[in-house]
Each structure stands twice: as C-alpha cells, then as structure tokens.
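> Those protein sequences? They're chains A and B, same order as listed. FYI, in numbering that gives the first Met the number 0 the residues of the first sequence are 0 to 217. FYI, in numbering that gives the first Met the number 0 the residues of the second sequence are 0 to 224.
If you are wondering where the hints come from, they were derived from the structure by calculation, not from laboratory data. Cβ coordinates follow ideal geometry from the N, Cα and C atoms, glycine included. One should not assume that every hint holds.
[As the list claims (entries may be wrong)] With a Cα cut of at most 25 Å, we get these calculated DSS-like pairs of lysine-lysine:
| no. | chain 1 | residue 1 | chain 2 | residue 2 |
| --- | --- | --- | --- | --- |
| 1 | B | K117 | B | K132 |
| 2 | A | K18 | A | K142 |
| 3 | A | K47 | A | K130 |
| 4 | A | K183 | B | K81 |
| 5 | A | K47 | B | K205 |
| 6 | A | K115 | A | K142 |
[To be verified] If you want the footprint, here are the derived chain A segments under chain B, 3+ residues with CB under 8 Å:
| no. | stretch |
| --- | --- |
| 7 | 58 to 69 |
| 8 | 72 to 83 |
| 9 | 98 to 109 |
| 10 | 193 to 206 |
If you want the building blocks of each chain, they are given just below.
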Amino acid sequence: MGDEFTLGRIFLNLLIATKWTIILSLIAFVFGGIVGFLVMLMRISPIKPLRFLSWIYVEFFEGTPLLLQLFLAFFGISVVFGINLSPLAAATIALTAFTSSFLADIWRGAVEALPKGQWEASSALGFGYFKKLRYIILPQAVKLSIAPTVGFLVQVIKGTSLASVIGFTELSRAASQINNVTLKALLVFALAGAIYFLLCYPLSVWSQKVEQRLNQQT
Amino acid sequence: MGYTFDFSVVWDNIGLFIAGALLTFRISLIAIAFGLILGIIGALFRTSGNRILNAITLAYVEIIRNTPFLIQLFFIFFGLPKLGIRLNAEQAAILSLSINFGAYSTEIVRAGVESIPKGQVEAAMALGFKPLKIFRYIILIPALSNIYTALIGQVILAVLFTSVVSQIATEDLTFAGDFLNSRTFRSFEIYFTVCLFYLAIVWIIKGIGYWVERRFFEFAKYSRR
Numbered sequence: 000m001g002d003e004f005t006l007g008r009i010f011l012n013l014l015i016a017t018k019w020t021i022i023l024s025l026i027a028f029v030f031g032g033i034v035g036f037l038v039m040l041m042r043i044s045p046i047k048p049l050r051f052l053s054w055i056y057v058e059f060f061e062g063t064p065l066l067l068q069l070f071l072a073f074f075g076i077s078v079v080f081g082i083n084l085s086p087l088a089a090a091t092i093a094l095t096a097f098t099s100s101f102l103a104d105i106w107r108g109a110v111e112a113l114p115k116g117q118w119e120a121s122s123a124l125g126f127g128y129f130k131k132l133r134y135i136i137l138p139q140a141v142k143l144s145i146a147p148t149v150g151f152l153v154q155v156i157k158g159t160s161l162a163s164v165i166g167f168t169e170l171s172r173a174a175s176q177i178n179n180v181t182l183k184a185l186l187v188f189a190l191a192g193a194i195y196f197l198l199c200y201p202l203s204v205w206s207q208k209v210e211q212r213l214n215q216q217t
Numbered sequence: 000m001g002y003t004f005d006f007s008v009v010w011d012n013i014g015l016f017i018a019g020a021l022l023t024f025r026i027s028l029i030a031i032a033f034g035l036i037l038g039i040i041g042a043l044f045r046t047s048g049n050r051i052l053n054a055i056t057l058a059y060v061e062i063i064r065n066t067p068f069l070i071q072l073f074f075i076f077f078g079l080p081k082l083g084i085r086l087n088a089e090q091a092a093i094l095s096l097s098i099n100f101g102a103y104s105t106e107i108v109r110a111g112v113e114s115i116p117k118g119q120v121e122a123a124m125a126l127g128f129k130p131l132k133i134f135r136y137i138i139l140i141p142a143l144s145n146i147y148t149a150l151i152g153q154v155i156l157a158v159l160f161t162s163v164v165s166q167i168a169t170e171d172l173t174f175a176g177d178f179l180n181s182r183t184f185r186s187f188e189i190y191f192t193v194c195l196f197y198l199a200i201v202w203i204i205k206g207i208g209y210w211v212e213r214r215f216f217e218f219a220k221y222s223r224r
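Could you build the full structure based on these sequences and the hints that come with them?
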C-alpha cells in the first residue's frame with residue numbers, strides 16, 4: 000500500500016484540524032465573553048427581575064452538560080425553527096452559552112469580592128451607577144478575575160472537543176476519523192492529546208503565575 | 000413559528016429516562032469514589048517530599064487537566080484493547096472518569112493538606128499520635144472542611160462530564176436521549192428533558208452537600224479566624 004498513514008501524515012492531518020479547534024475556542028471566548036459580561040451586569044444589577052433572569056440562565060447552563068447544550072442547539076433549534084443549522088453555527092451557539100454562564104459567574108464573584116466600602120465611597124463621591132462600575136468597581140474586579148478567566152479558557156479549549164460529536168471537524172473528530180482508518184488508537188489519541196496539552200498547558204501555567212503574583216501582593 | 004411542542008414522547012418513555020439517570024448516577028458514584036481515593040493517594044505523593052513520586056503525580060495531574068475528557072475516554076476505550084486489556088463500555092467509562100476525577104481531586108486535596116499548619120502535625124507527633132492517625136484526624140478531616148466547597152463543585156462538574164460516555168455507547172441518561180431522538184425526532188423536548196434530569200441531579204448533590212457541610216463541618220466555622 001503506497002497510501003499508508005505514516006506517523007508524519009497522521010500528525011500533519013491532526014495539525015490541520017487543530018486550526019479549527021483554535022478558531023472555535025476563539026469564537027467561544029469572544030462571544031462568550033461579550034454575553035458573559037452582559038449576564039454579569041444583570042447578575043449584579045439592583046433590578047430584581049434582571050437578577051432573576053440571569054440567575055436562571057447561569058443555573059441552567061452551568062447545571063447541564065455541554066454535550067447536551069450542543070445537542071439542544073444542533074438538533075433542537077433545527078427542529079423547532081425549521082432551519083438547518085450548520086455544525087459550526089450550532090457549536091458557536093452552545094459554546095457561547097456555556098462560556099458566558101461560567102464567565103458571568105467568575106466575574107460576578109470578582110465584583111462581589113470587592114469590599115462594600117468601594118461602592119459606598121463612590122456613592123459618596125456622587126458617582127452614578129454606571130460611572131461607579133466603569134471607574135471604581137470593574138477596574139479592580141478585572142485584576143481579581145484574570146487568573147480564573149485564563150484558567151477557564153483551558154476548559155473552553157477542551158470543551159470544543161465535544162463539537163466533534165455534532166459533526167464539526169476539529170482536532171478530536173479528525174483523530175476519530177484517522178483512528179477509524181488506521182486503527183492505531185493509542186498513537187492517534189496520544190498525539191491528539193499531546194496537541195491539546197500544548198495548547199492548554201501554557202495557559203494553565205500563566206493562570207497559576209498570575210494568581211501567585213496576586214496572592215503575594217495581598 | 001409553526002412548531003407545536005409535544006412532550007408526550009417524554010411521558011411515554013419516562014422509564015427509559017429513569018433507567019438512564021440511574022446508570023448516570025451509578026457510574027458517577029463509583030467514579031467519584033475511585034477518583035477520590037486516587038486523589039488522596041496523589042495528594043500524599045505530592046506532599047511526600049519524595050521528588051520522583053511528586054514528579055510522577057504532577058505529570059499525571061497536568062496531563063489529565065490539560066487534555067479533553069473525550070480524548071482520554073477514546074484513548075482508554077479504543078487504545079487499551081491494543082495492549083490486550085479488554086474493557087466493555089461501562090468499565091471504560093468508569094475507568095476514564097475515575098482517572099479524570101482523580102487528577103482534579105489530587106490538586107484539591109493537596110491544597111487542603113497544605114492548608115494545615117505544620118505546627119499542628121508536630122503537636123500531634125509530640126502527643127504520640129501514630130502516623131496514620133495523624134493523617135486521619137490532624138490532616139484529613141480538618142483539610143476536608145477547608146476544601147469542601149471546591150470538592151462539591153468538582154463533583155458536580157464530574158457528574159456533568161459523565162454525559163460524554165454516551166459516545167462509547169454507555170447507556171446513560173444522554174444515551175437514552177440519543178436513542179429516543181433517533182426514533183422520534185422530537186429533539187427539543189427530549190434533550191430539554193434530559194437537561195432537566197441533569198439539573199435535578201446537580202441540585203440533589205448541592206442539597207446533600209449543604210446538609211453534610213452543616214452536619215459535619217460546622218466546627219470549622221469556629222476554628223477558623
């Protein structure tokens with residue numbers, strides 16, 4: 000057989016698919032970040048119905064498996080609205096919901112970790128609600144939330160592997176397909192794992208470093 | 000929107016959902032128990048002061064935490080038979096979930112162990128406690144109370160992760176949903192119901208967790224500054 004899958008070819012095919020893992024992670028993080036920020040604002044807002052709605056949102060998407068969210072987006076939306084969603088579109092929707100609910104929770108935690116006096120002092124200075132957020136609360140909360148946010152990015156990258164289940168071809172699906180052809184499961188999945196590790200590990204280390212630095216300061 | 004929701008498919012097959020939920024519950028429980036044992040052993044190794052044990056455990060933790068569970072599952076389910084180790088879907092699911100949870104709980108338990116001041120252990124030694132007793136009463140239980148919240152959070156994530164084992168045809172809750180979906184195409188109703196089942200499981204764990212915390216770790220509130 001001249002068309003045999005050599006180690007080099009397997010690796011090359013996996014690398015090509017890695018591009019989609021990275022793109023999907025970026026999409027999830029950008030959209031998840033935007034939606035998550037809005038949900039976080041709702042969670043800390045003084046308006047009760049907004050708080051309640053955002054609580055339900057976070058509770059639902061944090062309390063259900065990402066895999067099911069992908070199924071709901073891919074099969075559920077297609078059936079209910081009578082449209083054909085591409086795997087990429089469905090993965091974008093599900094990963095955005097997943098990422099945003101966790102980020103909203105992380106960022107809310109950071110805001111609530113700030114001493115109440117910060118709010119009171121800025122009230123005393125006559126700041127309006129959004130001015131308080133913009134100049135007093137958020138800049139401090141950002142500092143607190145960098146480490147857990149970067150740490151969560153690792154979860155997002157790993158989460159994109161589940162998009163393979165609804166037929167989106169990224170690293171995991173490519174690995175499954177190559178395994179189906181070559182039957183070299185140990186090699187193929189070890190290589191795929193190694194690529195994921197190379198993507199995730201630097202972020203894990205970075206997140207830990209930031210956290211240590213923050214702990215030393217306080 | 001011309002779609003009418005019809006949840007009768009759920010009621011007609013409620014037994015299937017419940018059977019799936021029970022399997023999800025069972026593999027979660029077994030995997031969490033094994034994972035916790037792994038985590039305690041891992042934390043012992045990490046804090047043992049032995050360089051080799053520490054390095055091996057650290058490698059295990061970092062590899063598992065920085066690769067997707069799906070890949071770990073496929074590696075074990077499709078890969079181990081190549082080494083002559085035959086596992087059925089459920090065994091592969093439990094093995095990979097245990098290994099996965101073990102890595103996360105290693106770091107959580109280690110954080111707990113390191114939260115115990117050295118003087119406390121030295122005091123116990125001075126009082127003539129045997130090493131195993133020191134570990135149990137002076138390190139493990141107080142440490143557990145420190146990491147309890149983190150551990151419950153990780154348990155919940157682990158239960159949600161079990162949904163992935165449906166991909167190797169373990170007949171869990173998610174698999175029940177897939178099975179029904181392929182027959183009836185009532186996708187939204189089915190998967191939404193499956194989601195509610197997971198939510199219920201998560202809330203039950205949170206409830207039990209809250210009860211255990213109040214029942215067993217109440218003392219920690221007073222001993223902490």
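> Next, verify each hint and record whether it holds.
Evaluated hints:
1. B:K117 x B:K132: Distance ~16 Å between K117 of chain B and K132 of chain B Cα, so the pair holds.
2. A:K18 x A:K142: Violated, because 30 Å separates the two Cα atoms, which is more than 25 Å.
3. A:K47 x A:K130: Given pair K47 of chain A, K130 of chain A holds - Cα atoms ~20 Å apart, limit 25 Å.
4. A:K183 x B:K81: holds, 8 Å
5. A:K47 x B:K205: This hinted pair holds, its Cα atoms lying about 24 Å apart.
6. A:K115 x A:K142: holds, 17 Å
7. 58 to 69: That given contact holds, which follows from 9 residues of the stretch 58 to 69 of chain A lying within Cβ reach (below 8 Å) of chain B.
8. 72 to 83: holds (count 8)
9. 98 to 109: Not satisfied, violated; 0 residues make the cut.
10. 193 to 206: It holds, with 5 qualifying residues against the three required.
The structure does not agree with the numbered hints 2, 9 stated previously, though it agrees with the rest.
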